[in-house]
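Trainee: Take the sequences, apply the hints, and build the full model.
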Amino acid sequence: MIAWTDTMHPPLAGEPRTDLADQVAEAAMACQDVRALTAGPHVRIATYRAGLPLAGVAVRDGEIEIGVVVRYGRPLPEIAEDVRRLVAPLAGGRKVDVLIADLADG
Amino acid sequence: MSQDDGPGTGRGGTGTMRRRGADGGSSELVTSGGRTKIADTVVAKVATMAARQVGGVHEMGAGMSRTIGSVRERLPGMASDATQGVDVQVGERQAAVDIDLVVEYGLSIPDLAGAVRENVISEVEHMCGLEVVEVNITVDDVHVAGEDSEDSGERSGEPRVR
Chain A
0 MIAWTDTMHP PLAGEPRTDL ADQVAEAAMA CQDVRALTAG PHVRIATYRA
50 GLPLAGVAVR DGEIEIGVVV RYGRPLPEIA EDVRRLVAPL AGGRKVDVLI
100 ADLADG
Chain B
0 MSQDDGPGTG RGGTGTMRRR GADGGSSELV TSGGRTKIAD TVVAKVATMA
50 ARQVGGVHEM GAGMSRTIGS VRERLPGMAS DATQGVDVQV GERQAAVDID
100 LVVEYGLSIP DLAGAVRENV ISEVEHMCGL EVVEVNITVD DVHVAGEDSE
150 DSGERSGEPR VR
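Note that the protein sequences, when read in sequence, are chains A and B.
Using numbering that gives the first Met the number 0, the first residue of the first sequence is number 0, and each one after it goes up by one.
Using numbering that gives the first Met the number 0, the first residue of the second sequence is number 0, and each one after it goes up by one.
Careful: at least some of the hints might be erroneous.
[As the list claims (entries may be wrong)] Reference listing, derived: stretches of chain A covered by chain B, where coverage requires no fewer than 3 residues with Cβ under 8 Å from a Cβ of chain B:
no.	region
1	40-48
2	71-79
3	91-103
[What the hints assert, rightly or not] Residues on chain A that point at chain B, a partial pick, calculated with CB under 8 Å:
no.	residue
4	Glu62
5	Arg83
6	Ala87
Quick caveat, the hints were computed from the structure, so don't treat them as lab data.
Just so we're clear, the structure is a prediction, and the values are computed from it rather than from any experiment.
Glycine included, every Cβ here is placed at the ideal spot set by N, Cα and C.
Mentor: Put into structure tokens, the structure is as follows:
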């Protein structure tokens, strides 16, 4: 299995998109109901870069896609709106797509 | 208001639209800020947790899936199936749920099934925003306390052979 990581790496010089992905990951994890980031069921949501891929965030031209594992308790569209609100300042006009891929156990 | 103005024929609240995710396996809510996709497994997990919350539900799953589930739990590294006994079918804005239950003996099964149905409907509608159109409940077995103890009591403490 590939080792996925959702910890932050220090930004490498001159790679703006990777840096943005790390910032988006940090912003999304700041939401209390988000337990973890995930690449999704088809392993599509990831940022490839030097070192281990960052699972759960994909910065594309028109959109930012985020895959999350959430805590049980709040309505899911509300959690997604929270994540969207936290990430929107970083998005630079891109729309923010949120995939709620799983519920955290317990 | 026409009868068709429910959660909307493909339209959610103002400015939103509901559809199936392009990848399959999720339902999508499109808002002005972006799309929110909810994977079908999440809907299944919400329904499973809602059914388990009702007191009197002993276990989920029909005979074969419970057997396989107990084998899976014993294998190292395999997590038990979080959605055992629950199948969901998710459309653009609606969901249908099929549940297999084992209930405790001594309770009114129709009342318990009704309670499970109501809890599943309210939890899935509240958490996922999908309209639940039907919940089919099958009670496969009844758990009688003391029935599944392994020592039937006929074996004495001493081994019969040396």
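Trainee: A separate judgement is required for each hint: does it hold in the structure or not?
Mentor: Structure-based check of all given hints:
no.: 1; hint: 40-48; result: holds (count 3)
no.: 2; hint: 71-79; result: holds (count 6)
no.: 3; hint: 91-103; result: holds (count 9)
no.: 4; hint: Glu62; result: holds (7 Å)
no.: 5; hint: Arg83; result: holds (5 Å)
no.: 6; hint: Ala87; result: holds (7 Å)
Violated hints for the displayed structure: none, as all numbered hints are satisfied.
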